[in-house]
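Chain by chain, the residues run as shown.
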Amino acid sequence: MSAALAATLLRGSLSGNRWRSLLAAACIALGVALAGAVHTLHASALDEIDQAARVLAGAADWQVEGPRNGFDDAAYAAVASLPAVAVASPVLELDAPLASGEGTVRVLGIDPFRAARLQPGFLAGEGARGGEGATVRLDAGAAWLTPAAAARLSARPGGTLRLRGPLGEVRLAVAGLLPALDTGGPLVVMDIAAAQLAFGRVGVIHRIDLRLAPSVPREAALRAIAARLPPGVTLRRPGDEALRTAGLTRAYRVNLTALALMALFTGGFLVFSTLALQAARRRREFALLRALGLTAGGVRAFLAMEGALLGVAGALAGTALGLAASRAMLERFGYDLGAGFFAGSGRVFAPDAAALALIGGLGVATAVAAALAVTRPLSRLDVAQALKDRQVDLPAAPGGWAAPLALAAAATAAAWLPPAGEIPVGGYLSIGLALAAAVLAVAPASRALLERVPARDRPLGTLALAQVRSLPGHLAAMVSGIVVSVALTAAMAIMVHSFRLSLDGWLAGVLEADLFARASPRGDAVVFTPAVQQGLAAVPGVARVDPIRFERLTPEGAAGPLTVIARPVTPALLRGFQAQPAEVPPRAGDAVNAWVSEAAVDLLGWKAGDEVTLPLAGRRARLHVAGTFRDYSRTWGAVLLDLADYRRITGDALANDIAVHLAPGVDAAAVAAAVGRVVAGVPGAELHDASFIHARALRIFDRTFAATYALEAAAILIALAGVTSSFAALAWSRRREFGVLRHLGLTRGEVIRLLALEGGAAGLLGAGLGLAAGAAVSVVLVHVVNRQSFHWGMAIHWPAAALSVLAAAVVALCALGASAAGRAAVAREAVHAVKDDA
Amino acid sequence: MLAVRGLAKSWPGGDALFAQVDLAVAAGELVAILGESGAGKSTLLNIVAGLDRADAGTVEVGDTRVSALDEDGLARWRRRHVGFVFQAFHLLPYLSVAENAGLPLLLNGVPAAERRERVQAALASVGLAGRGDRRPASLSGGEMQRVAVARAVVHRPALVLADEPTGNLDETNAAATLEALRAAVKREGAAGVLVTHSPVAAAAADRVLRLAGRRLAPA
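Those sequence lines, one after another, are chains A and B. Residues 1 to 838 in the numbering used here are what the first sequence lists, from first letter to last. Residues 1 to 219 in the numbering used here are what the second sequence lists, from first letter to last.
No lab work stands behind these hints: they were computed from the structure. Just so you know, not all the hints are guaranteed correct.
Derived CB-CB ranges, DEER-like [as the list claims (entries may be wrong)]:
id, chain 1, residue 1, chain 2, residue 2, range
1, B, Ala-68, A, Ala-802, 51 to 57 Å
2, B, Glu-36, A, Trp-19, 40 to 46 Å
3, B, Gly-13, A, Ala-308, 44 to 50 Å
4, B, Ala-112, A, Ala-827, 29 to 35 Å
5, A, Leu-450, B, Glu-36, 44 to 50 Å
6, A, Arg-452, B, Gly-130, 23 to 29 Å
7, B, Gly-28, A, Arg-447, 41 to 47 Å
8, B, Gly-130, A, Ala-802, 49 to 55 Å
9, B, Gly-28, A, Ala-827, 34 to 40 Å
Chain A is nowhere near these chain B residues, computed Cβ spacing over 10 Å in every case [unchecked claim]:
id, residue
10, Gly-28
11, Glu-29
12, Arg-76
13, His-90
14, Ala-124
Quantities reported herein were computed from a predicted structural model and do not represent experimental measurements. Cβ coordinates follow ideal geometry from the N, Cα and C atoms, glycine included.
With these hints in hand, go ahead and build the complete structure from the sequences.
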C-alpha cells in the first residue's frame, strides 16, 4: 500500500468517524494517563527518599541499622573502635509530634563533629544563618533546621520550636539553618545526647553511618563489623532505603497499575469496536480496493495504521494528562496514593521517561492489537459478494465453545502459578485469560441462550431477537465491550465488597476492648510509661488494661521488615484476630508461643509448629509458632507475642497503645471520662472507643477505594458511551432496513422501540456474560491477587443488590442509547433510505 | 380498488413534477407505469403508498382515503393493506427466507400456525417451496426477488406496489419475477401498480400507462 493511498484512506476514515475515533483515543489516553500518573508519583516519591538518604549519608559507604525502637548504643562503641572503620557517626532518628498537634517532624540526633566528617552540611557553612556557631550547636536546648523544615514549621533562627516527648513538651531554640541538607527534606537536627534525654531514649540509637578505612579489604571489614553487632542489627548500603520502600510498595503500585491497564484494556475494546464498525461500513469500499488490486495484507496494514494512529494520539494525550495529574496530585496530596506508604514533602517531581514510554507503547500496542483483531473477519471477505450485495456488516465470527473452554481451563491453571517476587503474575494472567474466554464465549453463548427463548407473536420482539441471535459482527464487538467492562466492574465490586465485609468482621473481633488509648497517634516519640499503665488500671470501673507494644525489625535472612505486636494473648483475642487455631497451647520447652500473620506465612515461609528465632532487644529469642492470624493492618509480616513473654525477653515495659476493658455494669461514660483524664497526662495521646476506631477504619477504607470506584465508573461510562456510539453507527448503517420496515408498516416509534429492544437484549447478553466473567475474575482477585500482593485472606461476599443495579443500569442504558441512535436514523425519509446506496 | 384523482407534485424548487394525474386500478388488475428516469413515477408510487405527500389531489384505496391519514395511521394502513416489491429486494439478512416472507403477517399479529401455513403457500406460489429455512444471502438475485414478491402478497393486501422490480435481474429471472407478481396479484385480487422504465417489463401488465410531460396517459 502506497503512502499516498494510506494517507487518503486514513484521512477519510478518521474524519468520517471523528467522534468515535476521539472516544477510542480517549479510552487509550485514560488508561495511559492512570498508569503514567501512578508510576510518576511513585518514582518521584522514591527519588525523594533516595536523595534524602544520600544527602544525609554524605560520604558514608555503609550504615548499621536496627529495629524501629532502636538498639543499645554500646554497639556504636564496639564498631567505632574497629581499625577497619575510619569514621562512625551515631544517629538517633524519630518522628516527633509538634506540640501544636499539627503533624510530626523528623528529628535527627547526631554527634555534630562526627557527622560533619561524613556530611559537612551538618556543620553550618556560609549559607547557614545561625547566631553563635559551634557553641550553640553543642547546646542541649538548640536545634538546626533544614530550610524545608523551617518553611513547614514557620520557624526562624532565634525562634522556638515546640515538640512533644514522652516526658512532656520539648522546647528547642532554633539556632540556624542547614541549607546543604535541604534535599534531605524537613529535618530538625540536634545533639544526640540531648535528643536521647529529651525523648526518653537514653542509651538508644537507631543508626550508625560508617566510612570504612581505605587500607582494609572491604569483605574483611564488613565481617569484623558484623561480628560486633547484636542480633537484629545489620549492615546495609545507604541507597537501600529507596529499594526497600520500593519493595514495600510494589504490590500496591502494581495493583494500581493493573487497574490502570484494565482501563487500557477496555479502551482497546472500544478501539476494536470503532474499527470493526468502520470496517463493516466500508466493507464494499475494501472489496472495491481489493478488486482494484490492493492485497488483503494491504487492507490489514491500513487498519493497523489506523489503530496505531488512534493509539499514538491516545498515548500522547494520556502521557501529558498523566504527567499533569501526577504533578497536581503531588502539589495537593504529596506522594501518598491513598495507602499511607509515603510521608515525603512532595517536592521532587521525577517522571521516569523510559517507563512512561513503555506505558505509552503499551497503549499503542493495545490499539494496534485491537485493529489487527478487526482484520481477522475481513480476511474472510468475499470480494465478489461484498461488491454485489448491500448487506452492511462484517461476517460474523463462527465461534464455537472449544476456544473459550480452552482459555477458561488455562485461566484456572494460571491461577495456581506462584507469584514472581510479590507480583501475582499468574493471577493477572488468569484474569486476562478469563476475560478473553468471556469475549470468545459471546457468540456461542448468545446462540445457546437465545435459541432457548421461545418464539412469540410479538413482531418487535421477534425482529429484535432475530437480529441479536444472528449476532452480526458489529453487535458481537459491542457485546464484547460490554462483557469486558461489566466483568471488570463486577469483579472489582465483588472484591471490594468482600474486603469491606471481611475488614468489618475483623475489626469487630480485634477491637474487643471498650476503649483504646494511643500514646503517639502520629510519629513514634511518645509512649506510655509503666506509671501511666498502672494509673489507667487503677481507674475505678476499669476491669483490665492490656498494654500493647509494637516493634519493627528485620529477621535474619529476611528481605523485608516484620512487626512485633506484644499484648496479653487470650482466646478471645485470638478469635478476634481470626487465629488458626484460636487457642493458647501450653508452652513447648523454652520456646515462647507466637502467632504469625498470613503475610509472615507467605513471605517468610513460617507455619504452625515451626520453631523460629527473632532478634529481640539484641538477643535471639526462640519462638514456637502456635498458629496464624489475620492482619489487615499491614502488607508485611507480623508476629503476635504475649506481653509477659515480650517483657521478660526485652525488659521493655513501655507501651504504644493500651486497650481498656470496663467492668460490667459501670457507667461507661463516667469511666471513659476518668480514663481520659489519665490519658490527657501524656502529651498528644488520644483515647477513643472501639466504635469510633471501627468507623474510622471503614472511612479510611472507603476513601482508599474511592479511586477504584471512580475508575469503575469511568470504565462503565466509557463502555456505555462506546455502546451508544456503536449503536448510532449501527442504526445509521441499517437505515435501509428501517426504511423497508417502514414501507411494511412499522411506525417511526416502533422502529425506535425495535432498536431499544435490540439494545436491551445486547445489554442483557453482555451484562449476563459480564457478571459471570466478573464473578470468576473476582475469585482470582480475592484468592490469588490479593493474597499474593497483600497477603490478606478473605471470604467472598456477593454484593447482590449492587450487581443487580449494575446489570439493570447496563441494560437500561444500552436500550436508551440504542433508541437515541434509532431516533437519528429514522429521521431520514423511508423512501430515501431504501434507495440509499451508501 | 385504487382511485387517484387530480394528483399534483412539485420539486422542492417549485417546478412541477406532475399534475392532474388520475389513475384507477381494479382488484386483480396489474397496471404498469412507464417513464424515463426522473419522470416522477417512483414519487407517484410513494404518494399512493402514503410515504410521500402530494401537493394536491386524493388517493383512495377501497374505502380508505389515504391522503387523509396521519403518519402513524398511514403506517398501520400500509401494514394491513399494502405490499411492496423493491428494485434491490431488501430482504432482512438476519431472518430466514420464511421469516422474511412472513414479516407482514408477523407485523399484523397473525398466529404462528396460520403464519407458517400462509408463508409456505406464498413461497410455493413463487417456486421456492422447501427453501424457507435458508438465509437470503444463499439465494440468487432472482430467488431473492421472488421472496420479496411472496412477502408483498402474503398478507393479502388490497394494493401491491412494485418499483423497478426487475432492475437488478437478468432476462430469465426478470420474466420469472414478473410472472410471479402478475399471478399473485390475480390470485389475491389486489390492485397492482408496477413502475418501470422497461417496456419489456411493462408488457407483463394488463394495462400500460406512460408518465411523461407531467401527465399520466395510456402508452
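Consistency of the hints with the structure:
1. B:Ala-68 <-> A:Ala-802: 51 to 57 Å: 54 Å, holds
2. B:Glu-36 <-> A:Trp-19: 40 to 46 Å: At 42 Å between Cβs, range holds.
3. B:Gly-13 <-> A:Ala-308: 44 to 50 Å: 47 Å, holds
4. B:Ala-112 <-> A:Ala-827: 29 to 35 Å: Because 34 Å falls inside the window, the suggested range holds.
5. A:Leu-450 <-> B:Glu-36: 44 to 50 Å: Distance hint for A:Leu-450, B:Glu-36 holds at roughly 48 Å.
6. A:Arg-452 <-> B:Gly-130: 23 to 29 Å: Between A:Arg-452 and B:Gly-130, where Cβ atoms are some 27 Å apart, the hint holds.
7. B:Gly-28 <-> A:Arg-447: 41 to 47 Å: Cβ of B:Gly-28 to Cβ of A:Arg-447: about 45 Å, so the range 41 to 47 Å holds.
8. B:Gly-130 <-> A:Ala-802: 49 to 55 Å: 52 Å, holds
9. B:Gly-28 <-> A:Ala-827: 34 to 40 Å: 38 Å, holds
10. Gly-28: 22 Å, holds
11. Glu-29: Holds: least Cβ distance 22 Å, greater than 10 Å.
12. Arg-76: 6 Å, violated
13. His-90: 4 Å, violated
14. Ala-124: 22 Å, holds
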